[in-house]
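Asker: Residue strings, one per chain:
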Amino acid sequence: MAIVVTVTSGKGGVGKTTSSAAFAAGLAQAGHKTVVIDFDVGLRNLDLIMGVERRVVFDFVNVIQGEATLHQALIQDKRIENLSILAASQTKDKDALTEEGVETVIQELSEMGFEYIVCDSPAGIERGATMALHFADHAVIVTNPEVSSVRDSDRILGILQSKSKRAKEGGRVSEHLLITRYDPVRVENGEMLSHEDVCDILAVGLIGVIPESKAVLKASNTGVPVILDHESDAGVAYADAVARFLGESRPMKFLTPKKQGLLKRILGGSD
Amino acid sequence: MTLEWPAECGELTHWLKSQCARAPALMQEIGLVLKPSKGVAADAIAEAIQSMESLQIDLIGLTGDPAHRSIANQLGLPWLSAQNITQVAEPTSRSETSVSSEAASRSSLDPAMIVQGPIRSGVQIYARDRDLIVLGQVSEGAEIMADGHVHVYGRLRGRVAAGVSGRTDANIFCQQFDPELVSIAGLYVGSEQIPSEHRSAQIRVGLDSAGNALIYSVLS
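First to last, the sequence lines map onto chains A and B.
Here the first sequence stands for residues 14 to 284, where the numbers follow this note's numbering.
Here the second sequence stands for residues 106 to 325, where the numbers follow this note's numbering.
Watch out, some of these pointers could steer you wrong.
Heads up, incomplete: computed chain A residues facing chain B, CB under 10 Å, no partners named [what the hints assert, rightly or not]:
#, residue
1, Ile138
2, Val160
3, Val163
4, Ser166
5, Asp167
6, Arg168
7, Leu170
8, Ile172
9, Leu173
10, Ser175
11, Asp213
DEER-style ranges, computed between Cβ atoms [what the hints assert, rightly or not]:
#, chain 1, residue 1, chain 2, residue 2, range
12, B, Gly316, A, Ser262, 49 to 57 Å
13, B, Gly271, A, Lys227, 56 to 64 Å
14, B, Ala126, A, Arg185, 44 to 52 Å
15, B, Gln298, A, Pro270, 33 to 41 Å
FYI, nobody ran anything at the bench for these hints, they're computed from the structure.
Computed from a prediction, not measured in an experiment: that's the story for all the values here.
C-beta: ideal position from N, C-alpha, C; glycine also.
With the hints as extra help, turn the sequences into a complete structure.
Answerer: Quick look at the structure:
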């Protein structure tokens with residue numbers, strides 16, 4: 014059976030889709046056959062982040078409603094051999110997702126030999142989000158270091174451990190905390206929660222801290238998962254997070270402000 | 106109760122000590138009537154009575170062999186005929202029933218509800234007619250309530266209410282106290298009204314005797 018990893022947050026705009034794309038790409042690069050599914054029906058974005066928007070013919074909802082087969086709807090990534098994408102429908106709404114439908118798709122993907130199914134959850138705690146986390150074995154909780162994001166993450170953790178299939182069967186979904194848009198300078202100035210604060214509030218194991226980086230926006234606009242940008246700090250941080258998810262132990266990076274050269278300090282500007 | 110000695114209890118001091126260890130409250134409350142067997146010497150009886158006194162056991166009097174009546178008189182103890190004993194024994198048996206009914210009501214008490222934390226934002230827990238014990242933290246935005254006491258073995262950031270259905274003797278015990286709202290028997294205060302010295306403290310919260318203010322006491 015494939016392992017279902019749901020990337021979720023509660024709050025919108027914290028970097029779920031960026032993280033889903035990076036995670037799926039990272040798992041595939043590590044040699045695992047991986048598919049990433051966009052659960053944000055009606056507001057699909059994953060196809061853009063993955064750079065496959067022109068190749069979407071059939072989508073997740075078409076498959077659930079029996080209008081297309083999985084083989085027709087799956088989009089094979091051109092950069093990473095092991096990676097496939099299942100786009101969301103832009104014309105339907107989230108009521109099109111049914112528990113039986115999602116279960117059948119996950120079952121079929123397992124039979125097709127996928128090892129990891131990464132579910133990109135929409136924001137909120139409504140149907141799309143609950144469907145995305147219902148079959149989760151692991152949950153990656155994406156949180157920005159600010160209080161409203163942390164509170165929403167806490168809420169989604171509560172839903173995860175009460176409404177997911179595993180929880181209902183008396184088990185537990187493994188929780189992993191991923192802090193994104195982290196700015197060590199602002200943390201040092203007391204303008205942003207530190208990663209210790211966030212971990213203390215949420216009481217969840219930390220899997221990675223992704224620094225605020227221009228590389229993320231650039232990656233989104235060009236349709237290349239940021240994890241493939243090995244030069245960027247965000248790319249390196251995602252690669253470390255995926256490695257930790259797969260059981261490796263790596264030290265956390267980018268937690269302290271970069272030392273700036275004298276010239277740069279005088280001339281200003283940032284990286 | 107009537108104690109046949111030594112037939113029922115063997116060596117008296119030893120037996121009394123073991124009974125006191127098992128049920129100290131009962132032994133303090135109960136009245137004993139000592140019934141020495143035939144032929145027990147006056148000295149031995151005097152010694153037994155002394156050891157009962159030293160254990161603070163209430164001796165009502167002596168009974169049994171009429172030959173011992175004079176010893177009772179010598180020691181200044183009442184002599185109880187068989188008829189008297191039933192009369193005297195009555196309050197004793199009443200105290201026994203009250204103890205056993207207390208034990209019965211204790212066993213019919215609802216055991217505390219034990220919940221493994223963390224209790225997340227948006228989660229509501231209510232322990233009806235019982236105490237609530239939370240193992241772990243309670244997040245901001247969570248609500249925990251009980252008709253009895255509330256214990257939190259962790260950091261309390263959410264809302265907490267004890268004595269929800271009106272028990273003014275309900276308490277809140279907490280390892281790290283940072284709640285959004287605290288309520289006991291319907292009297293509530295918001296987090297801003299909690300004295301700053303009690304924030305993040307290991308604390309017990311109760312209601313004062315008049316029932317119109319919360320009392321904080323720092324634990325440990």
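Asker: Given arginine 168(A) was flagged as interface, is its beta-carbon under 10 Å from a beta-carbon of chain B?
Answerer: holds, 4 Å
Asker: Against chain B, run the beta carbon of leucine 170(A) and see if the smallest gap drops under 10 Å.
Answerer: holds, 5 Å
Asker: Does the CB of aspartate 167(A) sit less than 10 Å away from some CB of chain B?
Answerer: holds, 4 Å
Asker: Restraint: isoleucine 138(A) near chain B, CB-CB cut 10 Å. Satisfied or not?
Answerer: holds, 8 Å
Asker: For the pair glycine 271(B) and lysine 227(A), does the Cβ-Cβ distance stay inside 56 to 64 Å?
Answerer: holds, 59 Å
Asker: Quick one, is the isoleucine 172(A) hint okay against chain B at 10 Å, beta carbons?
Answerer: With a closest approach of 7 Å, the isoleucine 172(A) hint holds.
Asker: Go through the hint on serine 175(A) and say holds or violated, using the shortest Cβ distance to chain B against 10 Å.
Answerer: Where the cut-off is 10 Å and the nearest Cβ of chain B is about 7 Å from serine 175(A), the hint holds.
Asker: Would the hint on valine 160(A) be counted as holding, given a Cβ-Cβ threshold of 10 Å to chain B?
Answerer: holds, 9 Å
Asker: Answer holds if the nearest beta-carbon of chain B is closer than 10 Å to that of aspartate 213(A); otherwise answer violated.
Answerer: holds, 8 Å
Asker: Range hint 33 to 41 Å: satisfied by the CB atoms of glutamine 298(B) and proline 270(A)?
Answerer: Once the Cβ atoms are compared, 39 Å apart, the range 33 to 41 Å for proline 270(A) and glutamine 298(B) holds.
Asker: Report holds or violated for the interface hint on serine 166(A), using the least CB-CB distance to chain B and a cut-off of 10 Å.
Answerer: Given a least distance of 9 Å, the restraint on serine 166(A) holds.
Asker: Mind checking the CB of valine 163(A) against every CB in chain B and telling me if the closest is under 10 Å?
Answerer: Since the shortest Cβ distance to chain B is 9 Å, the answer is holds.
In summary, this structure violates none of the numbered hints.
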